[in-house]
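Protein chains: 2
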Amino acid sequence: MFEIVRRDGLARIGRFETRSGILETPALLPVVNPKILTITPAELYEEFGFKALITNSYIIKNSDDIRERALNEGLHSLLGFPGIVMTDSGTFQSHMYGEVEVSNEEIIEFQKNIGSDIGTVLDIFTEPFWSEEETSASIDVTLKRTRDAVSMKGDMMIAGVVQGSVYPDLRRMCSERMKEMDVDVHPIGGVVPLMEQYRYSELVDVIINSKMGLSPDRPVHLFGAGHPMILSLAVLLGCDMFDSASYAKFARDDRMMFIDGTYRIEDMLSLDCKCPACKDHTLETLRALPEKERIRTVARHNLYEITKELALVKRYILEGRLWELVEQRCRSHPALLDALRRLNVYRDFLETYEPISRDGAMFYTGPETRNRPAFRRYEKRIEERYVPVTDKAALFEDREGKPYGRSYCEDFARVRSSGYVPIVLSPFGPVPAELDEIYPIAQSLFPSVADKETEEYSENSVMEFVSRSGFSEVADMDDVPHGNGGYDHLPEKAKAVARYQFGKEAADALICGNVKIVTSKNTGKIRNVISDDEHVLSMRAGDGLFTLRPEGALRIVEKVPGPHMRVVVSDDAVPFVSEGRNVFCAFVKECDPEIRTMDEVLVVDGNGKLLAVGRAMLIRDEMLSFRKGVAVKVRDGVGKS
Amino acid sequence: MFEIVRRDGLARIGRFETRSGILETPALLPVVNPKILTITPAELYEEFGFKALITNSYIIKNSDDIRERALNEGLHSLLGFPGIVMTDSGTFQSHMYGEVEVSNEEIIEFQKNIGSDIGTVLDIFTEPFWSEEETSASIDVTLKRTRDAVSMKGDMMIAGVVQGSVYPDLRRMCSERMKEMDVDVHPIGGVVPLMEQYRYSELVDVIINSKMGLSPDRPVHLFGAGHPMILSLAVLLGCDMFDSASYAKFARDDRMMFIDGTYRIEDMLSLDCKCPACKDHTLETLRALPEKERIRTVARHNLYEITKELALVKRYILEGRLWELVEQRCRSHPALLDALRRLNVYRDFLETYEPISRDGAMFYTGPETRNRPAFRRYEKRIEERYVPVTDKAALFEDREGKPYGRSYCEDFARVRSSGYVPIVLSPFGPVPAELDEIYPIAQSLFPSVADKETEEYSENSVMEFVSRSGFSEVADMDDVPHGNGGYDHLPEKAKAVARYQFGKEAADALICGNVKIVTSKNTGKIRNVISDDEHVLSMRAGDGLFTLRPEGALRIVEKVPGPHMRVVVSDDAVPFVSEGRNVFCAFVKECDPEIRTMDEVLVVDGNGKLLAVGRAMLIRDEMLSFRKGVAVKVRDGVGKS
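Chains A and B, in that order, are what the protein sequence lines are.
Residues in the first sequence are numbered consecutively from 11, following our numbering.
Residues in the second sequence are numbered consecutively from 11, following our numbering.
One chain only, chain A, in its complex shape (with noise of 0.2 Å):
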């Protein structure tokens, strides 16, 4: 029912495939009213290109106008939408006004029998005052409905709402069961008051601790989110589907949501919007309208800007920058920088998301960008998988004009020659200069007055880094003479590139015995190992990262015991893979949990034979859950024999 079709970390643009068609994600549901259609379901759909609404079949029940009508017709005939239509149950009425006088079977049984494409279990809104016991009590209550509504759900879609008030640990655990359900898709509820109440923080713990719990092949829906300010961070942190009933609410009470905040007609200075709402007005004019058309023109610029800024995160997804935009977005409040920053909580579990490299270069934006799970996986795998090629270390300061070993060309050959290696203290910690053209080092650019906080990080985690690898000695730069023994840097270089990608153990099966390594003779980079007469790896020039040969993957598989870069497929994919065709999730037995997207893999059978070498475009959980997509890009097929 959905896959993925591009990527950013977390985010993704996907294809959720229901019986009324197919939703391409990150979408949002304009909400729509059956009793004041603003802007009419037909419009929505033709003008502004929304596949999908959301409606309220709570308010449709207890209309005497329009239930019968949606009984006979459909809600498809009611609104007057060709698209995907899904239904709320009452639950944010429950909120608003204490109760419902509906139970969880009735209403979706109506929404069943209206013709509701996904419908929403009747769950409990867990409000942020809650106390944990009150919370956990009632999401008993909403996992036990949730099971009941899958059991009558025929072949209309269920939203299962993951509730937990502010508690982690809850939102955990109730995503954790509903896991388990027939589900198919999760709106994160009760997080409404957290947005009104600028607790953008928390909004970040909640939105976290759900995705952990959740299967990632369902898409997630941010309840009640429709503020474009917020949207690329919720995209960023995995949320595929969202809704606003605020353009239109908005809109009757004459404001206007920019990117930037909502602001009140009455309040403007100026009006500098050139979206097709808005373009032949002025501030005057717009004030001037009477007041039904005025509203129709909020409610239209709304949605415009809306659409924009939605527009502009499948952008930055396709170009690998989300993390750029948000980072500029969490700019607008300061209650959004607290959120940004509250993602330093979760870099290790943003790192399992983390692509291996990225087409783009890195733009640092501030203190935060450290954040990035780019620097965490540099941070641990410098830590666990480096290995000094001499006891003697010489220190650089960090330099523009990157890869360093450019720039510093001279020193380092130098330092080289007395047998140092050369160290840079930049904004990511240590860069050995053997690592000084992998992604994110050499595709980066911070600016050159560093903040306060980068340049402690950076002295530190270098101090760190020399004590800890065992060097000792530590020079400055500029203290080490010209000597005339030193290394051949080159194949230290491959190595320690190899054991960085792929490990230490597969490093050493990969660059051993007698090695050569191939240079391009225009920018003297590394462009081939050559071990034992085997072409065994060969380095990209974009990002400093090897692509694994298929002789090489043959001794990894060899001598590194699995999962360590394994993708295990059932045996009728055997042939298909062997001969050099993608690997599909369905096909997928097991996967290494370490591997990361864009990483070199092997695939093998269930016996550990090698298959077929090639790239990651998903991680472990994906590959497992997802029955759509690619998991595998395979680059050669060996397995033919």
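Honestly, the hints are just simulated from the structure, not real lab data.
Hints are not guaranteed to be accurate.
Example chain A residues on the side facing chain B (calculated, C-beta under 10 Å, incomplete) [claimed, not checked]: (1) L350; (2) F359; (3) L455.
None of these values were measured; they are calculated from a predicted model.
Don't be surprised by glycine CBs; every beta carbon is placed ideally from N, CA and C.
Position chain B relative to chain A; hints supplied.
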């Protein structure tokens, strides 16, 4: 000719009068190549609303086909443009191609003859790689040519270009000498290479040093700056005019300008623009357009993107929030972040232009926010103008929910009862409880998690403050027990605010003898200060600062020698101002250089007699140089007698 309509620090919305109409600034002038009209001047005027454009007189002079038409019909007719036409002189061509075959006199004469509204001197383009000597010598030539051009100007306005390569002193020197000449607009020249090479930090040096030397009553034009990503920063630093050739040049190269960068159509992964040029296009349909139409479409898009950003910049000026927009924009490239950090060097200069208070709350966006002049202002005044109530300080942590006096209500009372002064360790530095309601202390929002830089600043500055202010005892808030002595804090608050706002001497004159504090029944906040039965001050709820009452003003005039807080007007203005009319720039004879915009000021005659009390709209240099506009908004005329 030029008048400030609204301002936000150095940034201003201005009205620039020319013989072909009024130009509202900040304005961008599209560059029109008279030989390739990608977008016609008539379209620029009608569709995009550009009231001015810039074209190149050197190209026209050298083109046999259009030179004669230009001379016979005039430029406006040749271009079909009813607005303001500015012409460039060929300097940029000399930068591009080494030299031009025209003399300064010839090109000035030619510009006059073709009816240019604003003609430009043939200045020498100072390259960023030039030595200081070379630059200095060429500035002499530019200055001489400017002098010659001025002597020939007739009724054409003259653009006198500030040069000086990357040497701040030379830029300032060149500006100071230009200031003495009868020039109408000051382009800052020689900056295109800096922008092309992302040397934005040096661009900051160049702009600010030029601004330092120039007279505030002339518009400043940043030559060659047309990318939307740089506009907000340049406006923040006081640039009024811009020009863009890139909208068309980039279009011919299939490049679209966006606020976050420039993208080649073939590299783009999606088109997410709803501007009038793009709204009916997908990336595919745009790519498929015939070349000429594609260039036109992209050029129109580029113009819409620029005008959108310029409109947004104006909105932020109107809202007094331009710093916040700039701090967001400067996250789109690390080189822009460097530029933002560079402002640190110019805090004192920027403070001069910083208003005493703003309407909205200040949003913190990162450690760079501390470069804002409002921080510098507070830092200086707390050092120079604060007098401790007792010699015992109780230190409080920063806390959300301002003013501090509300969230720390009981704790403040407790430590006061033991004779301690509550001091909060805020991101602004030390905040004594008496100042907790003033702008921007109470009107600011910070993230709840502070960054290291801010945290350190806050701690260090409090320690310095405590030792400097002569506190003999310093305790943690929790360690001070309830006492039964203490002091009456309202009169102390009134004194502290008055000292902060008016200086110690004026405050002593205002609040002395028998002091009565009138508070609001609802909020308990200070409303009025009565000293010896005279109502001397009223406190504003919005910014916690005082409005000066005529009785108070009279006391300052009597007790504090000039020029403190004085604006001296010429005799012919005396009767009007005494009756409460506003003070216009043309009538200002002198002004206290310490006066800041929005400051309470005393309007006096040549003999120092008080005529009125009001708020400064401008600072000294502006009041003295502008010929139009309000200098002081008078609240009470008191001189009538």
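Here's how the hints hold up against the structure:
1. Interface hint status for L350 (chain A): upheld, as the beta-carbon distance to the closest one in chain B is roughly 9 Å, under 10 Å.
2. Nearest Cβ of chain B to the Cβ of F359 (chain A): about 19 Å, over the 10 Å cut. The hint is violated.
3. The interface hint given for L455 (chain A) holds, since its Cβ lies 4 Å from the closest Cβ of chain B, which is under the 10 Å cut-off.
Hint 2 alone, counting from the list given before, is not met by this structure.
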